[in-house]
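Student: Okay, here's what each chain looks like letter by letter:
2 protein chains.
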Amino acid sequence: MSGAIAFSTPKADILARRSEIISDLQAILPKDALIHEGRELVPFETDGFIAYTRLPLAVCLPETTQQVAKVLSYCHENGIPVVPRGAGTSLSGGAIGQEDAIILGLSRMNRILDIDLPNRAATVQAGVTNIAISEAVKPEGFFYAPDPSSQLACTIGGNIGMNSGGAHCLKYGVTTNNLLGVKMVLIDGTVIDLGGKALDSAGYDLMALVCGSEGQLGIITEATVRLLASPEGARPVLFGFPTSEQAGACVTDIIASGIIPVAIEFMDKPAIEICEAFAKAGYPLDAGALLIIEVEGSEDEMEAMLAEIVAIAERHGVMAIRRSQSATEAALIWKGRKSAFGATGRIADYICMDGTVPLSQLSYVLQKTSEITDRYGLRVANVFHAGDGNMHPLILYNINDPEDAARAEEAGAEILKLCVDAGGCLTGEHGVGIEKRDLMRHQYSDADLRQQMAVRAAFDPDWMLNPSKVFPLEGRDD
Amino acid sequence: MSGAIAFSTPKADILARRSEIISDLQAILPKDALIHEGRELVPFETDGFIAYTRLPLAVCLPETTQQVAKVLSYCHENGIPVVPRGAGTSLSGGAIGQEDAIILGLSRMNRILDIDLPNRAATVQAGVTNIAISEAVKPEGFFYAPDPSSQLACTIGGNIGMNSGGAHCLKYGVTTNNLLGVKMVLIDGTVIDLGGKALDSAGYDLMALVCGSEGQLGIITEATVRLLASPEGARPVLFGFPTSEQAGACVTDIIASGIIPVAIEFMDKPAIEICEAFAKAGYPLDAGALLIIEVEGSEDEMEAMLAEIVAIAERHGVMAIRRSQSATEAALIWKGRKSAFGATGRIADYICMDGTVPLSQLSYVLQKTSEITDRYGLRVANVFHAGDGNMHPLILYNINDPEDAARAEEAGAEILKLCVDAGGCLTGEHGVGIEKRDLMRHQYSDADLRQQMAVRAAFDPDWMLNPSKVFPLEGRDD
Chain L
1 MSGAIAFSTP KADILARRSE IISDLQAILP KDALIHEGRE LVPFETDGFI
51 AYTRLPLAVC LPETTQQVAK VLSYCHENGI PVVPRGAGTS LSGGAIGQED
101 AIILGLSRMN RILDIDLPNR AATVQAGVTN IAISEAVKPE GFFYAPDPSS
151 QLACTIGGNI GMNSGGAHCL KYGVTTNNLL GVKMVLIDGT VIDLGGKALD
201 SAGYDLMALV CGSEGQLGII TEATVRLLAS PEGARPVLFG FPTSEQAGAC
251 VTDIIASGII PVAIEFMDKP AIEICEAFAK AGYPLDAGAL LIIEVEGSED
301 EMEAMLAEIV AIAERHGVMA IRRSQSATEA ALIWKGRKSA FGATGRIADY
351 ICMDGTVPLS QLSYVLQKTS EITDRYGLRV ANVFHAGDGN MHPLILYNIN
401 DPEDAARAEE AGAEILKLCV DAGGCLTGEH GVGIEKRDLM RHQYSDADLR
451 QQMAVRAAFD PDWMLNPSKV FPLEGRDD
Chain R
1 MSGAIAFSTP KADILARRSE IISDLQAILP KDALIHEGRE LVPFETDGFI
51 AYTRLPLAVC LPETTQQVAK VLSYCHENGI PVVPRGAGTS LSGGAIGQED
101 AIILGLSRMN RILDIDLPNR AATVQAGVTN IAISEAVKPE GFFYAPDPSS
151 QLACTIGGNI GMNSGGAHCL KYGVTTNNLL GVKMVLIDGT VIDLGGKALD
201 SAGYDLMALV CGSEGQLGII TEATVRLLAS PEGARPVLFG FPTSEQAGAC
251 VTDIIASGII PVAIEFMDKP AIEICEAFAK AGYPLDAGAL LIIEVEGSED
301 EMEAMLAEIV AIAERHGVMA IRRSQSATEA ALIWKGRKSA FGATGRIADY
351 ICMDGTVPLS QLSYVLQKTS EITDRYGLRV ANVFHAGDGN MHPLILYNIN
401 DPEDAARAEE AGAEILKLCV DAGGCLTGEH GVGIEKRDLM RHQYSDADLR
451 QQMAVRAAFD PDWMLNPSKV FPLEGRDD
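One line per chain: the protein sequences are L and R, in this order.
Going by UniProt numbering, the first residue of the first sequence is number 1, and it counts up by one from there.
Going by UniProt numbering, the first residue of the second sequence is number 1, and it counts up by one from there.
Simulated from the structure, these hints should not be mistaken for laboratory data.
A quick note: this is a predicted structure, and the numbers were derived from the prediction, not measured.
The reader is advised that the hints may include incorrect statements.
To be verified - Simulated DEER-style distance windows between Cβ atoms:
| hint | chain 1 | residue 1 | chain 2 | residue 2 | range |
| --- | --- | --- | --- | --- | --- |
| 1 | L | E329 | R | D421 | 48 to 54 Å |
| 2 | L | E135 | R | P118 | 35 to 41 Å |
| 3 | R | S230 | L | E135 | 35 to 41 Å |
| 4 | L | A311 | R | D421 | 32 to 38 Å |
| 5 | L | D421 | R | T64 | 25 to 31 Å |
| 6 | L | S298 | R | S230 | 58 to 64 Å |
| 7 | R | D401 | L | S445 | 53 to 59 Å |
| 8 | L | E329 | R | K280 | 54 to 60 Å |
| 9 | L | L285 | R | E308 | 42 to 48 Å |
| 10 | R | I347 | L | D421 | 54 to 60 Å |
| 11 | L | S298 | R | A331 | 24 to 30 Å |
| 12 | L | D446 | R | P118 | 53 to 59 Å |
What the hints assert, rightly or not - Derived coverage of chain L by chain R (criterion: at least 3 residues anywhere in the stretch with Cβ under 8 Å from a Cβ of chain R; other residues may be distant):
| hint | segment |
| --- | --- |
| 13 | 12 to 20 |
| 14 | 89 to 103 |
| 15 | 387 to 395 |
Backbone N, C-alpha and C fix where the C-beta goes; we use that ideal spot for every residue, glycine too.
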């Protein structure tokens, strides 16, 4: 990439004390829980936002909340920045470290601690993968709702840090709507518990604040999440439209009518072609845009909701409707959608934007997005959670051509500003990270940002936790 | 009451400057927007938590966000505490002021600013009543979900301050789940906007933090809330059980099975008698406990869900099932439930507790509650949102008998501690206010409270906003 996004300058005093810090951390942690040799650090030099790489000072892989507390307490006393990391699937650079920072990896804290079906709750360590929770309770007929595309790999701790969403969040909400409690270690090593299995909480809702705070307020080591009963049945249906504008207008009308399907996913022509070539899911290649709409419930409920949706789609010129005829076919439809990023990666480098807009602006923003990428001479594929207004334009470019990379980054920034100007926001589920840090000024006034930073300082006054992320580097109080 | 709950001592310097402060505020506000004469202040001396009364220094009734900003800025510069107030329906004393504080009443900011059906959102001023939002969008087939019993009077600003719930929150969530954005004035007069019509927000979720913060972080002047489509049909059904334990166990099993009705309300024998005498709703007087379970959807959906619920109720010895046969009858069933507090007030003074427990603890906590009130020689009526585990024991006593009042207060505190010890929390929807302030130490560790107070200080470092509430008076940083 062009390098337009800067990291903060590593602190010389920390770099000078590197070996001392490593041996101190080795003394705190179990054997094999500290990675510090150059070659072994390479897997940690970037995350899902592969455009930037930085090697950390070391990687700590604690196994208990107490070990996390000891590491934080040590780093706090010694002024060493700490970057938390789950599976490293962040698309905004949230888990990338730098030379004067340690990465605190939670991957070894991967035990499911308690499944409490009477209270529809599961308590898990932060490094448990998203899918593992649903798999553990599936035999009993339950599931955990948020389902990011990376759910096979990404961890619940990372999901909380980014307030992750997914295709099925239209009906079930994002992480914050499905989280009951967390255990969190503060920068000085204090362990606090937020939320719990009961509704609401007395005092301030710090749990909601922590959800989406990108690891800057504390390190989450355990989470209690809500379990939902699996629906009687679920069925994705494909709707092909001549144009993106028609598909977008159809989504707007479905939501405005008050119908809430489980999922409404959108693909434009380039996305259909890319995903179909990879997954052979039977997507209609002659359509200008495609909606995957999933309904659930009993056979009667699904049919009743589908009838309403079909009537709306017909008003918007739908050209093809294809119901999945079997569980295999349904799984294939979702496989095509969930592999969109991987499939795109096979044909080009790309950056994935994550703007969110009010539903009524969907068609307008899609059209303007095309105009922007056309102007930069770039290709774009749109594949996203349309029911939430959560757009994911994938801007294709060549990572080895610095000029092309710079153009992609500029076009991406312009698209995100467009989302904000249309009444939306910079991120739906991928977080701000380093990627959108400087765009925060476009979304927020100085007073807004000052207040957010004051809240941050109430947890971490010295900006030790994931310091280069979320807020513009310039104009910070420190 | 016994006066066990103390207010902070009024600051002498503010009392000495009273007339100067009044004339300064008169200069800031429109004519008739300042109440300061003794007799006219009386309606503001208490709120729904009538056990305590304190006259404020004055009451400001601004009409615009700008006027709110001017008042806050003035109070900030002059060290005058500010207590926000909507309709004054707080059941925990959240809107009670004191002699050195002004009350900032939002009741004149009662305009609906925008109804945006395509985005299923309404923007209203903070003083708009809860019911007014649903009434404004009812002709279009929409509603605003949270429905506190006080919904005819209480305001959306107060609902946000207390994160209010209501009978139908089992399915639709409490205020925080239905709030999209707020405009808020900080203590120094700065106006900030949090959230918006798009999903999620970049940076920290300060809106979620503000929801339930009891007016201590800023004064909300406008709110954007989510509108939902009215269901095709809705039907409350009465289930009579021989005992409270059986009714409680039935609720636990319904929720554990994964079924989520719109509402599951619980009444024990004393509550049934009190409400039936008032509302003549046809409640079964021979039952030891009653559940009102509401289902909604199409006729088929309602029947399918009811069949599952009936099967579970039969396993718990249900003795009577009565379906409402008409809209009038359905309305009467709800009228009986929603007038429970008023009906109780006709026969005795009472304090209403608001503990929340994990569903699996419901029967245990009901039984222990009886044991506690028996031990104090007090009568109790239980009428509450059982599906959420949000209990409302009404402890009956004589307000003119100080010993009886002290007993009621002690019994109430013991019940709330019981809820916390059972894995629950001090409040489901009424807030901490002054009532539960000292019990916060039972729920939270020192580290937890210190972190909450640090967040408060990031908004209001001098503790000017609603200062006597939420946190124990002893051990504050100030």
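Student: Indicate, hint by hint, whether the structure satisfies it.
Tutor: Do the hints match the structure? See the list:
no., hint, in the structure
1, L:E329 / R:D421: 48 to 54 Å, "51 Å, holds"
2, L:E135 / R:P118: 35 to 41 Å, "39 Å, holds"
3, R:S230 / L:E135: 35 to 41 Å, "37 Å, holds"
4, L:A311 / R:D421: 32 to 38 Å, "54 Å, violated"
5, L:D421 / R:T64: 25 to 31 Å, "26 Å, holds"
6, L:S298 / R:S230: 58 to 64 Å, "21 Å, violated"
7, R:D401 / L:S445: 53 to 59 Å, "55 Å, holds"
8, L:E329 / R:K280: 54 to 60 Å, "56 Å, holds"
9, L:L285 / R:E308: 42 to 48 Å, "44 Å, holds"
10, R:I347 / L:D421: 54 to 60 Å, "59 Å, holds"
11, L:S298 / R:A331: 24 to 30 Å, "29 Å, holds"
12, L:D446 / R:P118: 53 to 59 Å, "32 Å, violated"
13, 12 to 20, "violated (count 0)"
14, 89 to 103, "violated (count 0)"
15, 387 to 395, "holds (count 3)"
Of the numbered hints listed earlier, those contradicted by the structure are 4, 6, 12, 13, 14.
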